[in-house]
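> Protein chains in written order, with the working numbering: chain A, 1 to 350; chain B, 1 to 516; chain C, 1 to 318.
The reader is advised that the hints may include incorrect statements.
[Unchecked claim] 30 Å max Cα-Cα, derived DSBU-like pairs, lysine-lysine: (1) B:K386 <-> C:K210; (2) B:K341 <-> C:K210; (3) B:K386 <-> C:K12; (4) A:K343 <-> B:K341; (5) C:K210 <-> B:K340; (6) C:K12 <-> B:K399; (7) C:K210 <-> B:K352; (8) B:K77 <-> B:K260; (9) B:K352 <-> C:K12; (10) B:K352 <-> A:K343; (11) C:K210 <-> A:K343; (12) B:K386 <-> B:K399; (13) C:K210 <-> B:K384; (14) B:K327 <-> C:K210; (15) B:K327 <-> A:K343; (16) C:K210 <-> B:K305; (17) B:K340 <-> A:K343; (18) B:K305 <-> A:K343; (19) B:K170 <-> B:K236.
Treat the hints as calculated values from the structure; they're not laboratory data.
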Amino acid sequence: MNSLLSQFATNVRQNRGFYGALLMLIVLFVVYNFMHPRGFSTPVLVQNANEAVVLGFIAMAQTIPVLIGGLDLSVGAVMTLTACIASELVNGSPAHMIFGMVVTIMSGAAFGFANGIIIVYGRLQPIIATLATGAIAIGLALFIRPKPGGDVDGDLNWAVTNSLFDFAETYHIFDDGKAAWFQPIAWIPVPLIILFGMAAIVWVPFRRSLTGRTVYAIGSAEGAAYMSGLPINRAKIAAFTLAGFFAGCGGLYLAIQTSSGSADIVQAGSYTLNSIAAVVIGGTSLLGGIGGAVGSLIGALILRVISFYFRILSIDPLLQTLVQGLVLLIAVSLGAIRTLRVKNRLELFR
Amino acid sequence: MAQDMTQDMTQDQAFLELTGISKNFSLTRALDEVDFSCKRGSVHAILGENGAGKSTLIKIMSGVLQADSGTMSVEGKPVHFLTPSEAAASGIVCIFQELSLIPDLSVAENISLSNPPRRFGLIDKKHQNVIANELLARIKCEDVDPNSLVRDLSLSRRQMVEIAKSLGKKPKVLILDEATSALTSRDVETVYGLLDELKNDNVTSLFISHRMHEVERLCDTLSVFRNGRHVETFGKGERTDRDIVRLMIGRDVDAHFPPKPERKAKKPHLIVNDLRWENVINGVHLEVGKGEIIGLGGLDGQGQKELLLAMFGVLRGLEGTITIDGKLANPSSPAEAKSKKMRIALVPEDRKTEGLMLPMSIADNLIASSFNQVTTGFLIDTAKEKAVVAEGLAKLQIKIGSVDDPVATLSGGNQQKVVIAKWLMTDPEIILLNDPTRGIDVGTKQEIYKLMNELAAEGKAILFYSTDYAELIGCCNRVAVMYDGAIVAELEGDAITEEALVAASLNIDTNKGEAA
Amino acid sequence: MSIFPTLTPENKPIVIASVFILAILAVGTAYTLSTQGTAPLLSPNYLLQQLQTGSFLGIAAAGMMMVILLGHIDLSIPWTLTAAAMMATTVGGDLAIPTGIAVGAAIGLFNGLGVAYLRIPSMIFTLGVDSVVRGLMVAHTGGFAPQTAATPIMRFLAAEKILGIPVAIFVWLAVSIVIAVILRRTGFGRSIYATGNREGAAYLSGIRTKAVVVGAFVTSGICAGVAGVLLAGYSAKAYQGMGDAFLLPAIAAVVLGGTRILGGQGRYIGTVVGVILIVLLNSVLSIMQMPEAGRQVIYGTVIISMLLVYGRTAKITS
Numbered sequence: 001m002n003s004l005l006s007q008f009a010t011n012v013r014q015n016r017g018f019y020g021a022l023l024m025l026i027v028l029f030v031v032y033n034f035m036h037p038r039g040f041s042t043p044v045l046v047q048n049a050n051e052a053v054v055l056g057f058i059a060m061a062q063t064i065p066v067l068i069g070g071l072d073l074s075v076g077a078v079m080t081l082t083a084c085i086a087s088e089l090v091n092g093s094p095a096h097m098i099f100g101m102v103v104t105i106m107s108g109a110a111f112g113f114a115n116g117i118i119i120v121y122g123r124l125q126p127i128i129a130t131l132a133t134g135a136i137a138i139g140l141a142l143f144i145r146p147k148p149g150g151d152v153d154g155d156l157n158w159a160v161t162n163s164l165f166d167f168a169e170t171y172h173i174f175d176d177g178k179a180a181w182f183q184p185i186a187w188i189p190v191p192l193i194i195l196f197g198m199a200a201i202v203w204v205p206f207r208r209s210l211t212g213r214t215v216y217a218i219g220s221a222e223g224a225a226y227m228s229g230l231p232i233n234r235a236k237i238a239a240f241t242l243a244g245f246f247a248g249c250g251g252l253y254l255a256i257q258t259s260s261g262s263a264d265i266v267q268a269g270s271y272t273l274n275s276i277a278a279v280v281i282g283g284t285s286l287l288g289g290i291g292g293a294v295g296s297l298i299g300a301l302i303l304r305v306i307s308f309y310f311r312i313l314s315i316d317p318l319l320q321t322l323v324q325g326l327v328l329l330i331a332v333s334l335g336a337i338r339t340l341r342v343k344n345r346l347e348l349f350r
Numbered sequence: 001m002a003q004d005m006t007q008d009m010t011q012d013q014a015f016l017e018l019t020g021i022s023k024n025f026s027l028t029r030a031l032d033e034v035d036f037s038c039k040r041g042s043v044h045a046i047l048g049e050n051g052a053g054k055s056t057l058i059k060i061m062s063g064v065l066q067a068d069s070g071t072m073s074v075e076g077k078p079v080h081f082l083t084p085s086e087a088a089a090s091g092i093v094c095i096f097q098e099l100s101l102i103p104d105l106s107v108a109e110n111i112s113l114s115n116p117p118r119r120f121g122l123i124d125k126k127h128q129n130v131i132a133n134e135l136l137a138r139i140k141c142e143d144v145d146p147n148s149l150v151r152d153l154s155l156s157r158r159q160m161v162e163i164a165k166s167l168g169k170k171p172k173v174l175i176l177d178e179a180t181s182a183l184t185s186r187d188v189e190t191v192y193g194l195l196d197e198l199k200n201d202n203v204t205s206l207f208i209s210h211r212m213h214e215v216e217r218l219c220d221t222l223s224v225f226r227n228g229r230h231v232e233t234f235g236k237g238e239r240t241d242r243d244i245v246r247l248m249i250g251r252d253v254d255a256h257f258p259p260k261p262e263r264k265a266k267k268p269h270l271i272v273n274d275l276r277w278e279n280v281i282n283g284v285h286l287e288v289g290k291g292e293i294i295g296l297g298g299l300d301g302q303g304q305k306e307l308l309l310a311m312f313g314v315l316r317g318l319e320g321t322i323t324i325d326g327k328l329a330n331p332s333s334p335a336e337a338k339s340k341k342m343r344i345a346l347v348p349e350d351r352k353t354e355g356l357m358l359p360m361s362i363a364d365n366l367i368a369s370s371f372n373q374v375t376t377g378f379l380i381d382t383a384k385e386k387a388v389v390a391e392g393l394a395k396l397q398i399k400i401g402s403v404d405d406p407v408a409t410l411s412g413g414n415q416q417k418v419v420i421a422k423w424l425m426t427d428p429e430i431i432l433l434n435d436p437t438r439g440i441d442v443g444t445k446q447e448i449y450k451l452m453n454e455l456a457a458e459g460k461a462i463l464f465y466s467t468d469y470a471e472l473i474g475c476c477n478r479v480a481v482m483y484d485g486a487i488v489a490e491l492e493g494d495a496i497t498e499e500a501l502v503a504a505s506l507n508i509d510t511n512k513g514e515a516a
Numbered sequence: 001m002s003i004f005p006t007l008t009p010e011n012k013p014i015v016i017a018s019v020f021i022l023a024i025l026a027v028g029t030a031y032t033l034s035t036q037g038t039a040p041l042l043s044p045n046y047l048l049q050q051l052q053t054g055s056f057l058g059i060a061a062a063g064m065m066m067v068i069l070l071g072h073i074d075l076s077i078p079w080t081l082t083a084a085a086m087m088a089t090t091v092g093g094d095l096a097i098p099t100g101i102a103v104g105a106a107i108g109l110f111n112g113l114g115v116a117y118l119r120i121p122s123m124i125f126t127l128g129v130d131s132v133v134r135g136l137m138v139a140h141t142g143g144f145a146p147q148t149a150a151t152p153i154m155r156f157l158a159a160e161k162i163l164g165i166p167v168a169i170f171v172w173l174a175v176s177i178v179i180a181v182i183l184r185r186t187g188f189g190r191s192i193y194a195t196g197n198r199e200g201a202a203y204l205s206g207i208r209t210k211a212v213v214v215g216a217f218v219t220s221g222i223c224a225g226v227a228g229v230l231l232a233g234y235s236a237k238a239y240q241g242m243g244d245a246f247l248l249p250a251i252a253a254v255v256l257g258g259t260r261i262l263g264g265q266g267r268y269i270g271t272v273v274g275v276i277l278i279v280l281l282n283s284v285l286s287i288m289q290m291p292e293a294g295r296q297v298i299y300g301t302v303i304i305s306m307l308l309v310y311g312r313t314a315k316i317t318s
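The task is simple: from the sequences and hints, build the whole structure.
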């Protein structure tokens, strides 16, 4: 018991950024619900969850290139591209829809894989390479959807953007969602399950694989990683592939949520920039090696919860970017205080 | 002769054998036709001065570097390692001086970094902790929590984790490169015990150390290297300490030094008083007068570099005072140190990363410290710039094609001259030199010695750190030998001898060695 | 590599990019000759008009180059530009232009302090500053285009012509001369290269590297401010999001002109060539009535393939 406690204490100490963000999210969210006239109710939670899912996915996507000390400026564009693909494919028979969803996510992953190949074998800087491939992704999205629109299955939209109860009712499972055992969990919003479910079945195992460990090692000390014989090229390609995969998940959800696809360049750019902010707020170091996708997920939720406050406090939503920018600047400045304590100034340049 | 000796020693059970290994780094020959072998279950010391080729040798053995020529075999089978992991697969594992740990991963993760235990295809954290605990217990480091991050450990704990990590690879040859230098005395005892244990298991240990008492206590065989050559291998007790020191230094002094200038008995220009920084500089007192060349001696890493950086305004949180010409100086940045007020110049340790902007042109590098001298109004006067650059080149006789060539295209010696010329262009009063002749050819070395003399004659105060004892003897009026961040001996005039310097920096008493 | 054996690493990208500009002109002219029987791309008036719109990008890219030469980046350019334009039109009168430039300088100063003293990666710090400035501007205007109009002198500088040549091109030229002189002929400019190449060595050479970083960001802010003032003059007023279309092309122009994204290397003339390349590529694509989709794909492909020709980083061996 005691050792469990001390282990937990160690964990907290090592992931201060993550736990700080988690605490901040909980406080922000609880206060928000107290202030909301219909706080702590399923409809409010469902609405909040829906607004957070896409950014959550894009933030997770951005995390992995950042962990190797790089950056992926194409995540927003890949999200847009995959949303357009989904808006073409996710309809018709259940089998057809599932096929469409798989194709959507896989095309995101394939695009990320191409990024990885270009960066590793073309030896280009990730920033500039993904800046260019991002333009290509937007172009492809415009080919698929020159005008916003599309046709995504309405039942699917209803089922995945509401609570578990609505999901069960839509697909006539668990006695249309009225089974007694089902009630305690029926209130949970489906979007949250999708988001955390994906994190659990993709990110958590990845982190516990040798490739995942190599991702951290590259960001922390690439030279030592090489000396230890870790698979560096494989890990870099995997990092960008996974970024594409999560961006594809985000795109798929965006298409289902809006029942359409739109090659919106501005939206793509703002998602990319917000993803970087979410990653940093979630405790991942832009220099690599420290952090994780779950933290970025929390960071994305924080950014979204802040925007909820504007609604309930009837603050001009126009001030939203101002507050988000300030939150970001304060978060990174707190992280930078340690540079003021460096004793040998030459270490600043390494 | 040395080769015959080696073969005699190792005719039967040679486990690892190197024949005719050579390695060049651009112009310098780090290893020259080295034959070397070691037996199973032996604890084998490799001795030599700084730059004798020890580090290069073990890097080749462990797959970090590849030899230019020569062959290597393990148990009679030829091998060729391209990466450290290939060497580890053949049982050769090295504990490096510059650690191979990942700071942001936990101790347990580092210990089984590249070959973790798995369960259902995923890394098994519990089993990983069990492995870590077992290995840590074996080196009596139960106090290290396998879950703590390596970055949070002290240097000595990291070193122990590094040892545990290499034990986890089940080595047949374990190479320890100064592995005990950062350890506490308790840990050192543990490592001694471990080496005995390994010997019983028939594991070979190759041991690089500057601590003679350690070598004497542990090793059964000793090999001495000098200038990239394998000088001699002998069994323990066959040579006295004094003999070993002689073997390390060699008899022939291969450089000629210009006559030393007269020492002017004026008051000191630069006074460092009770300087302390972060347990690396521990109360240094030093005086340098105008026209004097003062040497800084001692083994690598005794605080000499930090002392020079402190005087140049690089270190934060410094205690003590630096006085120049009677006025308190304590510069807070190199920009302030080079200003008219203090006139300090530093030729830094690593010319490639600290002295030069390698891709930039020779002219750009030369002018980098003296923009304000060639600027009239807001603009750089290009005619003046050209003249100043030409003057700098002429003063050091730097041979180049064009001043617009990247400085990276020059030889090491000429690169170092560019760094020195850059600083002379600022017209400094105090010149700090951090091992300026390391890795450059003999001809350029002599030019630098001559230049130092000229500068001293002009009345500059020169502080000269060198890892080469011969240089200190040949150039300096006085040598301060540092050990553990403090000056342990100041030798002056005829008292500056090889024996005295080596003894002071190794902290052994040569007279005792002679008596035995 | 073997095609241009005698070129220095700085000049090779400039030559390749120039050749590419000629190729764009040739392809575009061949297209118009075969479809319309005319060659508008080769008419001076058309080219001058393209350069006029390119001058806004050119000025923003000049500032961006100062920052990229240090190995940093300035993502706050879109809203620095917009804020300068909005404040200039708000103040109006004789003080309009100084106000715009001062706004740019102030934002640049803030960026520089954060990057140099807190050592926060410029990528994230300037991103945050961009959001903050955007928020302030949206609050200032209520989210609408400001009702204030550009002053006559702003109109003159951006939209009028002297001797048939747009004044904006002269402004770009003036900014270019200033930047080129700074980079080649001042201690500050030389220190930028030194710091961008190896900050540690520059610091140990006694260069005040923090001041250099701050100075470069201030210059970038001023350039964005000038571009904003001009753009407001060109459109007769400032409007929301007027800077959004400048960020990525500015980065691309600098990098295509041969400036190393990691800093330390690059000639100013390359950035000019990069800007012309991007402007002409855009205009040829629009003459060909290439849909936006194709433009984006071509745009990205051109950047990637040109970088593969000359932008590869050294192989990491350890």
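> So, for every hint listed, does it hold in this structure?
Results for each hint:
About 27 Å separates the Cα atoms of B:K386 and C:K210, which keeps this hinted pair within 30 Å; it holds. Only pairs whose Cα atoms come within 30 Å are accepted, and B:K341 paired with C:K210 is accepted, the gap being roughly 21 Å. This hinted pair checks out: B:K386 and C:K12 have alpha carbons roughly 26 Å apart, not beyond 30 Å. With a C-alpha separation of about 24 Å, the suggested pairing of A:K343 with B:K341 holds against the 30 Å cut-off.
For the suggested pair C:K210 and B:K340, the alpha carbons sit about 20 Å apart, so the restraint of at most 30 Å is met. With a CA separation close to 27 Å, the supplied pair C:K12 and B:K399 stays within the 30 Å bound. Distance check on the hinted pair: C:K210 and B:K352 sit about 22 Å apart at the alpha-carbon level, within 30 Å; holds. Restraint check: the Cα-Cα separation between B:K77 and B:K260 comes to about 55 Å, which exceeds 30 Å; the hinted pair is violated.
Taking the CA atoms of B:K352 and C:K12, the gap is near 25 Å; set against the 30 Å cutoff, the hint holds. A distance of roughly 23 Å separates the Cα atoms of B:K352 and A:K343; the hinted pair therefore holds under the 30 Å criterion. Distance restraint check for C:K210 and A:K343: the Cα-Cα separation of roughly 17 Å lies within the 30 Å cut-off, and the hinted pair is therefore satisfied. Restraint check for B:K386 and B:K399: satisfied, since their Cα atoms lie roughly 16 Å apart, inside the 30 Å limit.
Only pairs whose Cα atoms come within 30 Å are accepted, and C:K210 paired with B:K384 is accepted, the gap being roughly 27 Å. Between B:K327 and C:K210 the alpha-carbon distance is near 27 Å, which keeps this suggested pair within the 30 Å criterion. As the CA atoms of B:K327 and A:K343 are separated by approximately 25 Å, the hinted pair is consistent with the 30 Å bound. Pair hint C:K210 plus B:K305 holds up; C-alpha atoms about 24 Å apart against a cutoff of 30 Å.
About 26 Å separates the Cα atoms of B:K340 and A:K343, which keeps this hinted pair within 30 Å; it holds. Restraint check: the Cα-Cα separation between B:K305 and A:K343 comes to about 14 Å, which is no more than 30 Å; the hinted pair holds. Our distance criterion of 30 Å between C-alpha atoms is met by B:K170 and B:K236, whose separation comes to about 27 Å.
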